[in-house]
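Protein chains in written order, with this note's numbering: chain A, 12 to 511; chain B, 12 to 511.
Hints may be right or wrong, so weigh each one.
No copy labels: a pair is met if it fits in one copy or bridges any two.
[Unchecked claim] Listed next, the in silico EDC-like pairs over lysine to aspartate or glutamate satisfying Cα-Cα at most 20 angstroms (straight line):
(1) Lys424 with Glu413
(2) Lys242 with Glu202
(3) Lys242 with Glu204
(4) Lys329 with Glu268
(5) Lys385 with Glu480
(6) Lys471 with Asp253
(7) Lys294 with Asp253
(8) Lys65 with Asp152
(9) Lys471 with Glu276
(10) Lys65 with Glu148
(11) Lys296 with Asp253
(12) Lys467 with Asp218
(13) Lys385 with Glu75
(14) Lys261 with Glu282
(15) Lys58 with Glu148
(16) Lys193 with Asp384
(17) Lys153 with Glu68
(18) Lys296 with Glu203
(19) Lys329 with Glu282
(20) Lys471 with Glu380
(21) Lys296 with Asp218
(22) Lys242 with Asp384
(23) Lys242 with Glu203
Keep in mind that the hints were calculated from the coordinates and are not lab data.
2 protein chains.
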Amino acid sequence: MASSLLTRQLAVSLQQNLRLAAPGSRYVSKTATKTVSEFEYDTPSMKTVVPGPKSQELMRQLGEIQNVGAIHFFCNYEESRGNYLVDVDGNRMLDVYTQISSIPIGYNHPALMKVMTNPNNVSAFVNRPALGILPPENFPDKLVESLLSIAPSGMTRVQTMACGSCSNENAFKSMFILYRNKERGFSTPSEEEVSTCMINQSPGCPDLSILSFMGAFHGRTLGCLATTHSKAIHKLDIPSFDWPIAPFPKLQYPLEEFVRENAQEEARCLEEVEDLIVKWRQKGKPVAGIVIEPIQAEGGDNHASPDFFIKLRNIARKHGCAFHVDEVQTGGGATGKFWAHEHWGLDDPADIVSFSKKLLTGGYYHRDELQADKPYRIFNTWMGDPSKNLFLSEVLNVIRRENLLEEVTRSGKALMQGLYALQTQYPHILSRARGQGTFCAIDACDDTTRNIIMTKARDKGVFLGSCGERSIRFRPALVFKEYHVHQLLNILNDVLAEHK
Amino acid sequence: MASSLLTRQLAVSLQQNLRLAAPGSRYVSKTATKTVSEFEYDTPSMKTVVPGPKSQELMRQLGEIQNVGAIHFFCNYEESRGNYLVDVDGNRMLDVYTQISSIPIGYNHPALMKVMTNPNNVSAFVNRPALGILPPENFPDKLVESLLSIAPSGMTRVQTMACGSCSNENAFKSMFILYRNKERGFSTPSEEEVSTCMINQSPGCPDLSILSFMGAFHGRTLGCLATTHSKAIHKLDIPSFDWPIAPFPKLQYPLEEFVRENAQEEARCLEEVEDLIVKWRQKGKPVAGIVIEPIQAEGGDNHASPDFFIKLRNIARKHGCAFHVDEVQTGGGATGKFWAHEHWGLDDPADIVSFSKKLLTGGYYHRDELQADKPYRIFNTWMGDPSKNLFLSEVLNVIRRENLLEEVTRSGKALMQGLYALQTQYPHILSRARGQGTFCAIDACDDTTRNIIMTKARDKGVFLGSCGERSIRFRPALVFKEYHVHQLLNILNDVLAEHK
């Protein structure tokens with residue numbers, strides 16, 4: 012029960028005064044005791060194998076209703092706190108996956124609990140409006156105070172949506188609409204366009220395309236899925252569009268040893284992008300927009316240099332394609348900046364920036380010209396959820412008050428140093444440590460080893476995510492301190508030491 | 012402020028004892044004072060034109076951030092109550108549109124307020140899980156207690172999603188997956204399928220199609236949009252799929268005068284469905300599923316007979332197409348049954364039933380064989396939102412406790428009688444009154460007249476929605492009583508009497 016959280020705070024703060032060092036010693040730092048939040052637990056605590064007997068029983072029950080093949084275990088969210096996720100069998104794990112990177116400031120943060128107990132907020136939860144036709148009085152203010160206060164440079168317009176896929180679908184639609192409006196000189200559509208669009212035919216439904224990258228993940232609805240190329244299981248058996256797919260740079264690590272090779276690889280990919288744009292125009296399916304993640308996340312935490320993105324942005328401009336940066340997974344602070352593409356060093360790099368996950372609401376920022384020219388072109392019943400904006404405002408307050416972006420940068424450095432050390436110590440198992448802020452990953456020698464490491468780490472109290480073919484991804488919340496980094500590294504070290 | 016709601020309840024109950032008849036007399040019934048909920052207002056109350064000055068100022072502010080062309084006015088949801096929507100200028104309107112048909116039991120229902128103040132629920136709001144991998148302990152129980160307790164006959168499986176479009180997109184995906192699994196005899200996909208799907212090509216991304224109907228609305232993401240054919244503004248400039256589109260019966264009214272013609276019309280449409288299925292199979296784009304609304308809502312409240320749907324269902328079975336009933340707008344009780352397709356009189360009519368809006372969460376029920384064979388095929392980060400399930404449980408309790416489906420049937424009869432009377436009295440303005448439960452509509456002679464009637468009604472305190480080319484649709488909440496029907500009809504009568 013949530014109320015037990017409050018009653019346990021005293022006990023926890025007592026525990027903190029008596030805190031013992033985590034098992035193992037290599038990464039335990041002197042600063043640890045200062046940085047952990049007051050309301051949090053201090054260590055993992057494992058009682059059963061995972062999934063434990065209660066999780067297994069619940070899985071059997073839910074299996075009567077849904078496919079449960081992806082479920083790890085069932086959670087006790089009431090008892091979870093900060094960086095620690097508690098399961099129904101009483102196991103408490105350090106959570107370095109955070110609900111697929113969607114929990115910004117940990118579990119049951121007191122600031123978010125307060126949102127719930129503020130009587131002024133009740134109505135926003137109980138009465139979900141159709142935002143596009145009947146917004147609440149405070150909607151403009153809340154947008155200014157939350158989403159617009161963190162808008163990427165040069166962007167003053169934002170459209171909320173319910174999830175990441177809806178955000179990308181509508182971002183694509185905005186790019187198609189702009190492209191066609193430019194083609195027809197912003198004049199009224201022809202009667203032929205109006206009549207043919209009703210039956211899915213051109214010119215009303217034109218053969219336009221979105222250029223995406225191999226390894227990309229932009230969602231699983233049919234429009235998004237046509238730009239997703241991370242795993243076959245997402246795409247198999249689903250009809251798609253014949254849209255161009257460019258190679259994403261495959262960088263070699265360590266970066267400093269492969270400067271020339273990596274520059275050549277990025278140049279090769281950019282050349283291919285231009286070739287595809289030309290080829291698809293010739294095929295009669297011009298590229299209305301280019302969509303890219305600043306770091307390909309689901310596809311395996313694939314990075315590219317700022318130079319690559321800057322040149323890609325220029326190619327988009329040169330060919331009249333809108334440039335859409337998908338920050339659904341990278342946005343929200345985990346890279347040490349609020350938006351990962353801010354690391355590229357451009358003032359005004361994108362036409363559209365989409366988001367969801369850590370932002371708690373989906374949506375996208377866009378330049379003025381990408382606003383649909385008429386109402387109801389970008390529209391649905393809910394257009395987001397104002398109750399999520401309430402939480403987001405509070406999350407942003409916490410990020411500012413607690414300097415969490417600086418904390419992420421600090422924790423990220425400690426994490427990267429630890430990963431470098433581990434791959435030096437276990438070169439036959441680990442390689443390609445990479446990351447920005449705490450948005451980090453490392454490769455195992457193969458997928459079987461990767462999965463064994465993750466399972467063993469879980470049994471010792473660290474919950475991790477995978478991505479790509481053999482990568483482990485680290486996706487902690489923004490309240491992940493150096494203390495937690497050391498806890499994570501200690502356990503990883505123990506797992507690797509045991510691994511024959 | 013929400014708290015003022017409570018402080019006003021006494022005043023309201025006093026007002027109810029002193030209630031005066033609504034202006035006009037024709038529809039004021041003796042039963043009125045008994046059926047209005049205790050916590051509600053008793054009449055509309057208009058202070059300004061709509062949108063009033065505050066709404067206009069807020070529209071200007073929001074216009075700097077978004078396209079505001081579809082916004083009617085800004086709302087004061089804290090002061091709204093039951094069937095009455097209050098705007099920021101203090102106008103109180105009888106709401107017969109209910110956020111595009113998505114408010115099940117009116118504004119600020121006390122039962123829903125209680126969900127918010129129950130400390131056991133706080134965690135479900137504060138910690139949104141990735142339901143597909145880490146569900147909360149009570150998730151199976153909540154599904155059984157809410158969604159499964161109202162499952163259409165024969166369906167024991169349900170998948171939650173965040174919104175109506177996501178529900179339909181994933182329902183389509185389930186139908187494609189099943190179709191291909193059947194084609195390959197449920198054997199392992201070939202290497203060619205696995206490799207081609209990554210680049211959007213067949214056989215991995217097969218040329219399958221979904222058959223939809225002219226006038227249909229199934230959402231605005233790219234997959235859904237390929238089955239939506241209600242208005243050009245939704246579809247113009249967006250690439251689509253070459254999928255078959257059948258005519259939906261255009262019934263002539265009054266039904267009892269056109270029995271033979273309407274039967275012929277339905278037979279014509281069914282014949283066309285079969286022709287299209289054959290034709291698209293020959294084109295190499297076989298129909299994996301048929302999607303249809305029990306009442307085409309956005310497309311103009313187009314009805315068909317149970318016989319039409321029963322025969323359509325049989326055609327689907329005969330040709331091996333899954334049969335998907337989209338109840339996003341019709342589901343949730345407004346037709347007098349929980350699911351509109353229950354009126355068809357079949358025990359087991361569908362393979363998939365999708366929902367959203369009044370259910371507060373999106374999702375779909377499906378037969379066992381439509382469950383994806385592997386995890387991650389039907390998946391996304393959030394897979395719904397358990398906090399919405401909490402509200403839904405309470406909504407269902409209220410529906411049962413207050414016998415709201417019976418109330419809807421009673422109010423619906425009164426509404427239809429009133430609409431018949433109005434179209435008899437104003438035959439040059441109104442025609443084609445039609446409906447089921449309170450899910451009703453009537454046509455104006457043209458769209459200009461329709462819009463004038465709606466604006467004038469709003470100025471007198473009734474907020475209505477439009478659909479199709481010249482229809483007014485009635486979409487009240489389930490707590491819309493005969494008393495409110497009479498209020499609505501009185502005002503409509505006044506508007507029509509003034510209309511030259």
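If any of the earlier hints don't hold here, list their numbers in rising order. Those not satisfied are hints 4, 6, 9, 12, 20.
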